[in-house]
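S.K.: Chains as they are written, first to last, in this note's numbering: chain F, 1 to 365; chain U, 1 to 155.
FYI, nobody ran anything at the bench for these hints, they're computed from the structure. Every clue listed holds true.
Pairs of lysine-lysine residues, derived as DSS-like cross-links and limited to a Cα-Cα distance of at most 27 Å, are as follows:
id: 1; chain 1: U; residue 1: LYS98; chain 2: F; residue 2: LYS80
id: 2; chain 1: F; residue 1: LYS175; chain 2: U; residue 2: LYS134
id: 3; chain 1: F; residue 1: LYS44; chain 2: F; residue 2: LYS129
id: 4; chain 1: F; residue 1: LYS78; chain 2: U; residue 2: LYS98
id: 5; chain 1: F; residue 1: LYS177; chain 2: U; residue 2: LYS33
id: 6; chain 1: F; residue 1: LYS114; chain 2: F; residue 2: LYS78
id: 7; chain 1: U; residue 1: LYS33; chain 2: F; residue 2: LYS175
id: 8; chain 1: F; residue 1: LYS177; chain 2: U; residue 2: LYS98
id: 9; chain 1: F; residue 1: LYS292; chain 2: F; residue 2: LYS310
id: 10; chain 1: F; residue 1: LYS175; chain 2: U; residue 2: LYS2
id: 11; chain 1: U; residue 1: LYS134; chain 2: F; residue 2: LYS177
id: 12; chain 1: F; residue 1: LYS292; chain 2: F; residue 2: LYS277
Some chain U residues near chain F, calculated using beta-carbon distances under 7 Å:
id: 13; residue: LEU68
id: 14; residue: ASP84
id: 15; residue: VAL100
id: 16; residue: PHE137
These figures come from a predicted structure and were not determined experimentally. Just so you know, even glycine gets a beta-carbon here, dropped at the ideal spot from N, CA and C.
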Amino acid sequence: MDILLTVLSISSISTVLAIIIVIAEKYLNDYGDCEIDINNGSKKVTVQGGDTLLSSLGENKIFIPSACGGKATCGSCKVKVIEGAGDVLPTEEPYLSENEINENIRLSCQIKIKRDIKIVIPEDFFNIKEYKARVESIIDKTYDIKEFRLGLIEPSEIDFRAGQYIQIKTKPYEKIKETVSRAYSVSSVPSEKTGIEIIVRLVPGGICTTFMHEYLRVGDEVILSGPYGDFYLREDADDYIFIAGGSGLAPIKSMIFDILEKRIDKNMIFFFGAGSKKDLYYYEMFKELDNKHENFNYVPALSRPDVDDKWDGEIGLITDIVSRYVDDEMKNHAYLCGSPGMLDACINILKSKGFTDQTIFYDKF
Amino acid sequence: MKQTPEFMKIQENMQPGILTAHGFIGDDTRNIKDIIEEDNKNILSLDLSHSDIADRMQYFTDLAVNELGNRILIDNDFIVSIDDHRGTMPCPFRDNYKAVKRNTKLENTKLGKTVYWSDLNIHMIRDHGFYEGKGSFFRIDTKDITEILGMITAK
Numbered sequence: 001m002d003i004l005l006t007v008l009s010i011s012s013i014s015t016v017l018a019i020i021i022v023i024a025e026k027y028l029n030d031y032g033d034c035e036i037d038i039n040n041g042s043k044k045v046t047v048q049g050g051d052t053l054l055s056s057l058g059e060n061k062i063f064i065p066s067a068c069g070g071k072a073t074c075g076s077c078k079v080k081v082i083e084g085a086g087d088v089l090p091t092e093e094p095y096l097s098e099n100e101i102n103e104n105i106r107l108s109c110q111i112k113i114k115r116d117i118k119i120v121i122p123e124d125f126f127n128i129k130e131y132k133a134r135v136e137s138i139i140d141k142t143y144d145i146k147e148f149r150l151g152l153i154e155p156s157e158i159d160f161r162a163g164q165y166i167q168i169k170t171k172p173y174e175k176i177k178e179t180v181s182r183a184y185s186v187s188s189v190p191s192e193k194t195g196i197e198i199i200v201r202l203v204p205g206g207i208c209t210t211f212m213h214e215y216l217r218v219g220d221e222v223i224l225s226g227p228y229g230d231f232y233l234r235e236d237a238d239d240y241i242f243i244a245g246g247s248g249l250a251p252i253k254s255m256i257f258d259i260l261e262k263r264i265d266k267n268m269i270f271f272f273g274a275g276s277k278k279d280l281y282y283y284e285m286f287k288e289l290d291n292k293h294e295n296f297n298y299v300p301a302l303s304r305p306d307v308d309d310k311w312d313g314e315i316g317l318i319t320d321i322v323s324r325y326v327d328d329e330m331k332n333h334a335y336l337c338g339s340p341g342m343l344d345a346c347i348n349i350l351k352s353k354g355f356t357d358q359t360i361f362y363d364k365f
Numbered sequence: 001m002k003q004t005p006e007f008m009k010i011q012e013n014m015q016p017g018i019l020t021a022h023g024f025i026g027d028d029t030r031n032i033k034d035i036i037e038e039d040n041k042n043i044l045s046l047d048l049s050h051s052d053i054a055d056r057m058q059y060f061t062d063l064a065v066n067e068l069g070n071r072i073l074i075d076n077d078f079i080v081s082i083d084d085h086r087g088t089m090p091c092p093f094r095d096n097y098k099a100v101k102r103n104t105k106l107e108n109t110k111l112g113k114t115v116y117w118s119d120l121n122i123h124m125i126r127d128h129g130f131y132e133g134k135g136s137f138f139r140i141d142t143k144d145i146t147e148i149l150g151m152i153t154a155k
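Modelling step: build the complete structure from the supplied sequences, incorporating the hints.
M.R.: The structure is reproduced here in structure tokens:
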């Protein structure tokens, strides 16, 4: 009986305390209107305090890159905060270098607006918009990669640079109640302004890739934002080396077609690493480009071709193939996109050939 | 076992749609304290530690990384391959740990059994003694994993 009374007393006290906390939060966390000063007064917005900097800016149509949609898991939503953000939070620390902390770089998804705040963001961020789009086609490219074409509804046109990415918002499905955003590189050319193409590889257990692969249908509307990212083609190189694997082909495809379309007189060599023939896609298309354009060389390589593949192309790890083709005298820019393991291995090879951080470009989401 | 508020927040993080599509609990009706407790008992009964298991998993993952997805034969009995994706995965235990999105597939050719794990699995086993709930996408059965990794002999 004593135990029962003790349990009841503790439960009652806990309930009362919880109610007091909820009521107190309602009043104490009313921060009122707060001003966000952007780029030394070049733009000012007034927001209701209490929300994160990332979502408050988003409500004012200022979109900060965020591959995870504000869950502090990607570290992409960095902004410089001049004043008004308080100390760096433990949730931000894993994503910030010592230099960044010294320069007041913060994760905008973790900063709660409680007072006026002054921030600095790149001017490019003002060009990022939210778009309503409709799924026009979904095509299986391999057993785990699909190509999606999205027609823009409102706004009806987008300006981006070859290599940049957009973010797609999922809708709730099955047990998933919340909307999340994920980043996907655009694979179509910038001249196609009324729609975009993206390539999505299914990640086991991935919230957004599962949505895209299994729940999104032709005709569905989706919300996306963009363009984002500084992985885009620089036109000041002598020649270009492109290296991709899996869905990393997306931004590279956009860059290659952009160069060909603009008739930029540069030599290009495109290495695509795959396991076996079933992992290859756009193979015929790039082969045709190779035959048609003197300045484009396509080098697909299989690391473990199946017996039935009848493959007469390059065989081996992409690193070995790149090492054989690229010589120390080349004065190129290298653009890489693929899995982190492939990127790290290829960067090491390129650096051993004299490439530097200034001549190697990659998007490591 | 009753859970602390901190563990209740962790359990919330493990629901489908928060960090992954399927979550970390599966159809297990136990709370995570109980899941950890039971798996801990199983591991102790085998005279092993969570670090022993995590070290063994990491050993295979590290050897397979350089093969960029190719299968590699290790120590005569194990065929291992890696599949990695762009991005990182935060640990649901709110310890600020981020794992690369990398999955290891290991086949024990002697037993004819295969097991999959993610880099996050290795971390959660080593630092939290957590093997995920039953029915979860990346649940690792404590007895199976020790057999397949060649740490105990299958009976």
